[in-house]
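Chains as they are written, first to last, in the working numbering: chain A, 30 to 425; chain B, 30 to 425.
Because the hints were derived from the structure by calculation, they are not lab data. Check the hints yourself; a few may be wrong.
Same chains, same names: a pair is fine if it fits in one copy or spans any two.
[What the hints assert, rightly or not] Simulated pairs of lysine-lysine, BS3-like, Cα-Cα distance not exceeding 25 Å:
(1) K366 - K380
(2) K199 - K34
(3) K199 - K345
(4) K330 - K85
(5) K37 - K198
(6) K34 - K377
(7) K345 - K37
(8) K195 - K338
(9) K188 - K345
(10) K377 - K37
2 protein chains.
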Amino acid sequence: MIAEKMMKMVEGSSAIRAMFEEGNRLAKIHGRENVFDFSLGNPNVEAPKRVNESIKEIVDEVPSLELHGYNNSNSGFEDVRECVANSLNQKFETHFNASNIIMTVGAAGGLNVILKAILNPGDEVIVFAPYFGEYRSYVSNYDGVIVEVSPNLENFMPKLDEFKEKITKKTKAVIINTPNNPTGVVYSEDTIKEISRILLEKEREYNTSICLVSDEPYRELVYGDIEVPFLTQYYHNTVVGYSFSKSLSLPGERIGYLVIPDEMTDSENLKVAAGVATRILGYVNAPNIQQKLVMKCINEKTDLSYYAKNRDALYKGLTEAGFECVKPQGAFYQFMKSPVADEKEFVKKAKEYNILIVPGTSFGCPGYVRIAYCVAYETIQNSLPKFKELAKEFGL
Amino acid sequence: MIAEKMMKMVEGSSAIRAMFEEGNRLAKIHGRENVFDFSLGNPNVEAPKRVNESIKEIVDEVPSLELHGYNNSNSGFEDVRECVANSLNQKFETHFNASNIIMTVGAAGGLNVILKAILNPGDEVIVFAPYFGEYRSYVSNYDGVIVEVSPNLENFMPKLDEFKEKITKKTKAVIINTPNNPTGVVYSEDTIKEISRILLEKEREYNTSICLVSDEPYRELVYGDIEVPFLTQYYHNTVVGYSFSKSLSLPGERIGYLVIPDEMTDSENLKVAAGVATRILGYVNAPNIQQKLVMKCINEKTDLSYYAKNRDALYKGLTEAGFECVKPQGAFYQFMKSPVADEKEFVKKAKEYNILIVPGTSFGCPGYVRIAYCVAYETIQNSLPKFKELAKEFGL
């Protein structure tokens, strides 16, 4: 009954499900508080208070037929799109209007919409390892081909020479994700400038259009004074994909947006194509209550100090235990070198200590593991003695 | 910049957009109340009062991290899925549990999920004309091939002889939609039994599995004593797709579900595949607030008398004016024969009377038009003299 392409994913998915069930099994035996589940990027910081207040206000204020009905456009409510455009203009000195904004079912929905809109079968999409593993599925949905730039194990910044070599006439898109999942690295402005320069050069060389897709769910999650460049200012063919999942702790509410700037090649058609893709992929529109919520909460912020505290405690504990880590500058993931080349062996051993982490192979970077620290502070604290024992077992 | 497949749709979409803009232009000139916009299936009946009450309760009752966080499964909240299963069991004497239910981003999301899960490129999907035109896009998303059974212009019931002939070794799915958009016809139990018999026979003949996809957003919208058979009771390989868009007047909130019964071939894998498809198509999960809303409002009903009144007035007015119509038994669409073979000419002329309707060609049934009567009663009343004039112009 099942499509061949899907059958492989079903088998793969069983492994993840098995891990999830293992977590539940362990929790039953040892108690939930004694299982250190670092596997998911599900924020443990509550949504800002204003979120729930706003939902109640929206229900009272917006006429029912408007609040719950179809939007006039598949791209979303006009007033919501305008609000997003204005907010971006204020923050980044851009010049967007409602027509540049497509409200989406989270960033995952947005990435699917833009890839559906631009990819012909066989088109190549470049990603920098390590990268969010779901990109593979999103690209495969539209019969695109993922081309990986190998990881720079020094500091996890993109390898630009290799990037340049891997751009071909068939390159249709490049996905970048900064602050990065799984490494927490933030690309510097110089790096962004260099990526833009290379893309412009290659567009001219091949007489093609290459879309830089900037996946930015972690845009506001940066520690200290680090600046996250806004990419449309650097390269004309940039599409930004954003999600409120992390900035407002709303991952289950499925709300985000795409930015399609006027400077893009074929921009007017691309805006229409994104609306059509939203419709035919079955999203139809981003959910209404969540759209209206954006208007009320666009300036709300998550409690960054919570994640910062976790980051510092975890990084300190892990390095003291002898593990090799690059300190994250953003997002809420710690990428860590496995003490053995086959990190799956390490992940398996960690499970014996009730520690659940994800192998780097899932992110195109074997030999490493990802630790999602968007958990309770106590989970970090209580896990550190276990990490220490684990380190000892591997001779660190 | 745009994918070739999409470019054609962008051109097609412009026509629809032009119609929408035309409506707005007419409204500016003549006033919104003097434009008779019958083009969209956007309910003009407000959501039941309980809906907005429930949203406020949910916000107060459900812990923030659960309410807004990721679901444990891409298929949705366990308690919501259980609630849907129990509700179906009560109504239809079925034996579903949470595992049979996948919460989806409306029916459109559900159809995409199941087609993604089952279609290999080149697989055939049979539809009975006239049919909801979006099926073409959904099937094309997964490189399936639409096979149309021609319309039975007598009564718009499916042509079963032709259906039987058109089933091949490549037939992977059949989509049916009863109560039907655009005709309002409800398939009788005998018809359902015959469809099931034919499918079983063909599954045996070709040694294949054929999935009957029942698209049921209008299940509760039936007039009088007409029964809508629940299809999983008739044919083992039935998947039901449901949406609360019409039954609760929530089309913009994007909430529905799929039912994948245990009796289906490869049912356990298919459930997992549907969850995986939900994830990788970028839905990730149906929006949370709307999921929880289902638990509170599953027994709420829309005001059917509102649509019944519209139906009766419209049908009476149109037939008295001389138009040829089959009286709808369900949904909120009147399908009507165009007085000229090229119905686009008729649609164009109707626009001169500020009447906006959709050509039957969009539904695979040229020579007819669709009139969506989910509008204000006054719109119907005020439009009827215009329809009369229109009829006269065509010599009726």
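My question is about K34 and K377: at a cut-off of 25 Å on alpha-carbon distance, are they close within one copy, between copies, both, or neither?
The answer is neither: 28 Å in one copy and 45 Å across copies each exceed 25 Å.
Quiz item: For the identical chains here, do K37 and K198 meet the 25 Å Cα criterion within one copy, between copies, both, or neither?
Solution: Between. Shortest inter-copy distance 23 Å satisfies the 25 Å Cα cut-off; intra-copy 30 Å does not.
Problem - Homomeric proximity label, K345 with K37: Cα distance no greater than 25 Å - result: Neither: 40 Å inside a copy, 56 Å across copies.
| query | Given a CA cutoff of 25 Å, do K199 and K34 count as a within-copy pair, a between-copy pair, both, or neither? | reply | Both. Shortest intra-copy (23 Å) and inter-copy (17 Å) distances satisfy the 25 Å Cα cut-off.
- Task: Have a look at K199 and K345 and pick one of within, between, both or neither, based on CA distance no larger than 25 Å.
- Result: neither (44 Å within a copy, 59 Å between copies)
* What label fits K188 with K345 when the C-alpha limit is 25 Å: within, between, both, or neither? -> neither (28 Å within a copy, 72 Å between copies)
Query raised in the report: Between the shortest in-copy and the shortest cross-copy C-alpha distance, which are at most 25 Å for K377 and K37: within, between, both, or neither?
Result: Within. Shortest intra-copy distance 23 Å satisfies the 25 Å Cα cut-off; inter-copy 50 Å does not.
- 25 Å Cα cut-off: does K195 pair with K338 within a copy, between copies, both or neither? Classified as neither: same-chain Cα gap 39 Å, cross-chain 64 Å, threshold 25 Å.
Alpha-carbon proximity between K366 and K380, which holds within one copy, between copies, both or neither at 25 Å
within (17 Å within a copy, 67 Å between copies)
At most 25 Å between CA atoms: does that hold for K330 and K85 within a copy, between copies, both, or neither? Both. Shortest intra-copy (19 Å) and inter-copy (23 Å) distances satisfy the 25 Å Cα cut-off.
When the structure is compared with the earlier hints, violations turn up for hints 3, 6, 7, 8, 9 and for no others.
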